[in-house]
Structures are given as structure tokens and as C-alpha cells.
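Enquirer: Taken in order, these protein sequences are the chains called X and B. Take 1 as the starting number for the first sequence in my numbering and just add one per residue. Take 1 as the starting number for the second sequence in my numbering and just add one per residue.
Fair warning: there could be bad hints in the mix.
[Said to hold, decoys possible] Pairs of lysine-lysine, DSS-like flavour, derived with a Cα cap of 25 Å: (1) LYS117/B - LYS377/X; (2) LYS117/B - LYS462/X; (3) LYS376/X - LYS114/B; (4) LYS377/X - LYS129/B.
[As the list claims (entries may be wrong)] Residues of chain B clear of chain X, computed beta-carbon distances all greater than 10 Å: (5) SER16; (6) ASP57; (7) ARG85; (8) ARG156; (9) ASP184.
[What the hints assert, rightly or not] One-sided excerpt, in silico: chain B residues whose CB lies under 8 Å from chain X: (10) GLY54; (11) THR73; (12) LEU74; (13) ASP81; (14) MET84; (15) ASN95; (16) VAL99; (17) LEU100; (18) ILE109; (19) LEU112; (20) ASN190; (21) ARG191.
Derived from the structure by calculation, the hints contain no laboratory data. No residue lacks a Cβ here, since even glycine has one placed at the ideal position from N, Cα and C.
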Amino acid sequence: MIWRTAWKNVWRNKVRSLVVIVSVTIGIFGGVFAVAVMNGAIEQRVDAALNNEIAHIHINDPGFRDNYDIQLTIPNLQETLHKVWYTEGVEAVAPRVIITGMANTAAKSAGVQIIGIDPSQEKEVFQLSESTIPGTGDFFETESRHNLAYIGQDLAKELNIIRYILDESVLDSLSVKEVPQSVLLKLEPFVGKRFKSEKTFKKEMKRILTPKEQHNYGRVIQEEAWSFRERSRLTLTFLDRNQVQTGAVFRIAGIYDIKNNMFEMSQVFVKNTDLSGLTGLGPEEIHQLIIRITDIETTEQVNETLREKLPGLEVMHWKELQPDLAMMTDLVQQFYAVFMVVILAALAFGIVNTMLMVVLERTKELGMLTAIGMNKKKVFSMIMLESIFLSLVGGVVGMAVSQLLISVTAENGINFSSYAEGFEAMGYSAHIYPEISPLFFLMVTILIIVTGVLSSIYPALKALKLDPADALRTE
Amino acid sequence: MKVLEIKNVHKIYNSSQVQVHAVNGISLSFEQGEFAAIVGPSGSGKTTLLNMIGGLDKPTEGEILVDHTNLATLKSTALIDFRMRYIGFVFQSYNLIPVLTAKENVEFIMNLQKWNKKKRDQRTFELLKAVGLEDRVNSRPSRLSGGQQQRVAVARALASKPKFVLADEPTANLDSKSTETLLDIMEQLNREEGITFIFSTHDARVVKKARRVITVEDGKVISDEQK
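Just chain X, same shape as in the assembly (with noise of 0.2 Å):
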């Protein structure tokens, strides 16, 4: 009866209800769909890394990753690999061998991480492969004589081998995009040019078109322009295992784009035969097996069970070789937390100020409930289960909204294009997926109702305060 009668009383001034429970709404609402972006953009950054840039679990020497030494390389690895693949958990392994070195072309150089691949074995454990940029080749699936490298976009346009070209073909192609007359006779002066670098590009476009069509089309026209060159050659030159200065002309088999810039800047992946050959490393020389692991869940255990059977070696799993993302993903839900108690303080106010409101327009009513024998303990339950509805009823429908949007742009994603460039840098996808828990609602839920509960405290000890003789004398 008193859940009934509570529930009845806050719809009795049905305006002011209503203005609490659209407060609610729309705090909840923010709160949570500001929550599923972010964990949207963390799910798909640890997602990216774990698929495409360091795997679950890295074995290599003790002091390998201090300076990345050529002779340190991976004792006993037909032993070792046994002990790897028997170890319940592991999916799949990888051998890599390691080497830092430089890229060059005629235009630029840049210093990079080499890295001597199995291409079947590889794809296995990463999913690096599948970001291969249509029409600039593949992962070492064409047979080659040539030395074969597969780079970052971001290094290819470092080095000039990603250009840009502007022709009569790309303007079509823009037209077809609704890409405004206007700004295609900007462009047609430069019809035929070839820009050699990205840098040069955009500071040609940004002199000819004003902000705003640079805010509307630049990133289209970029993307129209872009062009790779097939038969692209780089040189790559390091130390062999003898020290001494040694490299060779390489063929870009292929040029991926994984929205990280640091990455494609630094990771040059060639056929680890093509590396031992060069280096100086026998077969059985590598320098760090990568390991994929069934169920992430189970990434410590298996990483504890690893580095016993394999004493002198470093075992790591990438919780410790990325303590960034680790940190990320154990201590972000506790600031998901916090985030959405600081909106719920903050609603809690409006509560209890209407709380408040109520208790003084019912001062007559509750002196006539206690006089007619409703005890103290049912007059602050009344008043509480009026304060939890209204915050329960505000919380439901502002996590059905956020869910109803979450699950719209789950489907194709939010796109942060005009932020790409920062996104990317701190590798970042500028498409965001939001993503999140039932676990989440579930604590949202908690979340509210103890909002609805402490809000109440404060009204509900003053309707208690009131004297029922009192009471019944007002007007």
C-alpha cells in the first residue's frame, strides 16, 4: 500500500515530476552514451593493438628489448616452440626477427623497426594484413623475386612514395561526391600536378579553398587524390651481426593503414628469409616469438604458465608490454564510476530540493498520517519510495534512450573524421563504435537508486520533525 501510495504521489503534481524526471533523463543519458563512446574507442584501440601491432604475449631474451641487440637471439627454439604449442590456451605463434635500421628513397629517410616475418605464420596471430590499402598490393601473396616490404601509409608518405595527383579522373570522382562546382574550378588549374608530399598537398589546398570548404571537402579531395605508385622501391639499410653497415633495395608489396601513426611510422614488415639472408642470422635465428591466446581473459594464467616452463627467457604478456592500455582497461571502469556519481550528486540536488518542496506542501497530510497511526518508519518509506521513482523513472527512460543510440551507431559507427588526424596520432580510430556492458546498466541502476535513497534522507527527517498537532493547524 505504500509503494502504491508513493508511486500515486509523484504523479500528483504531475508537471514538476515530469521536470525532475527529464533532468534525470537526459543527465543519465549523457552520462552513459558519453561512457559507451569512450569505451567504444578504448574496446577498438586495444582491439587495434592486440590484432595488429604486439599480439597477447611476447617471448624473446632477457636484455633483447633493452637495445634490441642482433646477437640476442632465442636459444633452443625447436625446444622452445614445443614448450609454446603444448601450452594449454595458445592459439597460434609467430617467429620474428628483429632488426633497427633505416628506410630510405631518393626524397627522405626515416628510421624504423625491420621486421623479418613468416607471412602464413604471421597471419595467424595478426590481423594486420586485412588493413592492406586497396590497389597498393598485398601481404607477400604475390610471388616475388624481389626483396618484398610491407609499410605504414604514414611511412609511405614520409618517404614520398604515397603522392598526390590531381587529374581529370579525380575531378569526376569528386563531382560524383557532390564535391560543389565551385570548388572544383579551384582545382582545375592544378589538373596534371603531382604533389610529392602530403605536406605539400594540403598546404596548396589550404591556399586556394577558404576554411570552410577545406572543413567540408578537404579530407575527400585528399582521399581522391591519393596516389601510390605500383613497383615502389625503398631502401633499407642496418647493421648486420658482424656490425657492419649493410642493406638492400626493397619493393612495397603492399602498404597498410591501421589509424596509428606511430606505428606505420616506425613497423617495415620483409620476409624474415629475406632478413636472415641479409643480417647474417641462420634459420633457427630468431629473435621473439608473438603468441595469440584463445581467451583473453585467461592472459595471465597462461603468460605464469609460460615463463615456468621457460626459465631463461622473458615471457610478457601485453598488459606489461603496454602498461598504457593496461591501465586503460583496469582502471577505466572505475572512472566510469566516478563519472556517473558526479552526474548523480549533481541530480541529486534538484531531487531534494522537490523532495522538499513536497514535504512542505504536505505538511497538513503527513500530520494526519501520523495522527491516524502511520507510524515514523512508513512515513520515511513513503517519502523515500517517492524520491527512488522519481530518479528510477528518470534513470529507465534516459538508459533506454542512451541504448536505443547506442545501438544505432554501434551499427555504423560515429565518425570523428574532423578530429582524424589527433585521433590517429595517439592511435585512435576517428570512426568510434560506442560499446557497452550490461554490467554497466546494471551498476547505473544501483547508481540510481541510491541517489534516490540519500536524496530522500534530508525530507523525509524533516516530515518526521513535524508535530502532528502542529501539522494539522496549517492552512
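Chain B: place on chain X using the hints.
Expert: Here is chain B on its own, set in the frame of chain X:
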């Protein structure tokens, strides 16, 4: 059988400037089934007396015994519970819960006492029929006239079969026809259920109906007449 005894009760209000002796040594007793009116001018102390009888206020001196229980010995929670079981209230401004229907208002106290649904419904319909509102069971107070609301209040006061009902100026906001109807109903219920009714009133029509009239002035009983 005595249901209420008031023994030399005083109520003194002390403010910073003046001391008010609202009730000044009143002693009364009420038998089961009485239909009594306490009359007196404004400020005579009748409402204060009624509040003390109902346990809503404490006497400064003296005792009030309800069914032989001294109200002063009951702690706050026990007093509220005692009121719920033994005392019914009818207020001047009806004081129905506006969000509940007539039925829900009447059964409110029975719900507090955790009556089972069958008994509760039976008693509720019985009372609403007795006050002539069996066809307005699902109406909220906003859809009832003043007289009808007061009749619901009377039904509510009688719901838990209290020892007595205290009615503080129950007819003050009613027209003459509604007053007549209400008084007839209360008189009938008094006869049929044997519940004591004690009114605090200025209304001559109430005084006319009452079988005992207690006149109070300046906090003292001036006269106590049985008709």
C-alpha cells in the same frame, strides 16, 4: 464501560512573553456508546483538550486513560500504534489522501494494520454503504462534494473499530443539508456499532443531536449535561 477517563488535566503553554493555561484542571469520563459534544467559544481549550485525548499533545499535568491505558506512559512509536488501533479521527477539512480513491482512503488504516484482503474489502464496502457512498467507491476526493468527502472521512475513522472517534469541527465546512446527512449517519453508526463519538464544535445542529453536552470556557468545564 468507561472507554476514556480524563483526570485533572492541565495544559500550559509557556512562551517568552506569556504563560497560557489552555486547559485548566479538566476531569471527565466517557462511557462506551456516548454521543457527546464539547462546546465553547474560540480559545476555550476544546481543540487542545481533543488533541490531548487523541494523544497528539501531552498534558502538562494530569492523566488521560484510554481503555485503562495511560497515554503518558506510551513512547512515541507505541502511541502512534495505539492511536491507530483505538482512536478514530474526523477533521474539519476532511484530510483525505487526494491521490487515493474513497475505497483506498477507507481501507488505509486497515492496510496499516495488515488486515487480510477479504476482511478489508468486506469492512470497506460495509462502511461506504453505511455512509451512503457505495456507488462512489472508486472516486477520488476531487470528484466528491464536501459532504461526501466528510462521509468518507467518517468511514475511515471507523474502519479499525476504534474505542471512540474524535471529531474536531466536522461540520464547519459543510452546508446545512450535508451537515444534516452527516450527523444522521454518525448517529446511526453510534447506535449500530456502539462506538463513542466525541465532537468539538460551535455548530448548534451538532449540539442538538448530541446526547451529552460539555461546555468549556477558559480551559474549564462549565457544565456537563446529559439529555
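Enquirer: Against each hint, give a clear statement of whether it holds in the structure.
Expert: Status of each hint after checking the structure:
no. : hint                : in the structure
1   : LYS117/B - LYS377/X : holds (23 Å)
2   : LYS117/B - LYS462/X : violated (33 Å)
3   : LYS376/X - LYS114/B : holds (17 Å)
4   : LYS377/X - LYS129/B : violated (33 Å)
5   : SER16               : holds (18 Å)
6   : ASP57               : violated (5 Å)
7   : ARG85               : violated (7 Å)
8   : ARG156              : violated (7 Å)
9   : ASP184              : holds (24 Å)
10  : GLY54               : holds (7 Å)
11  : THR73               : violated (18 Å)
12  : LEU74               : violated (13 Å)
13  : ASP81               : holds (7 Å)
14  : MET84               : holds (2 Å)
15  : ASN95               : holds (4 Å)
16  : VAL99               : holds (4 Å)
17  : LEU100              : holds (7 Å)
18  : ILE109              : holds (6 Å)
19  : LEU112              : holds (6 Å)
20  : ASN190              : violated (19 Å)
21  : ARG191              : violated (24 Å)
Violated hints for the displayed structure, listed by number in ascending order: 2, 4, 6, 7, 8, 11, 12, 20, 21.
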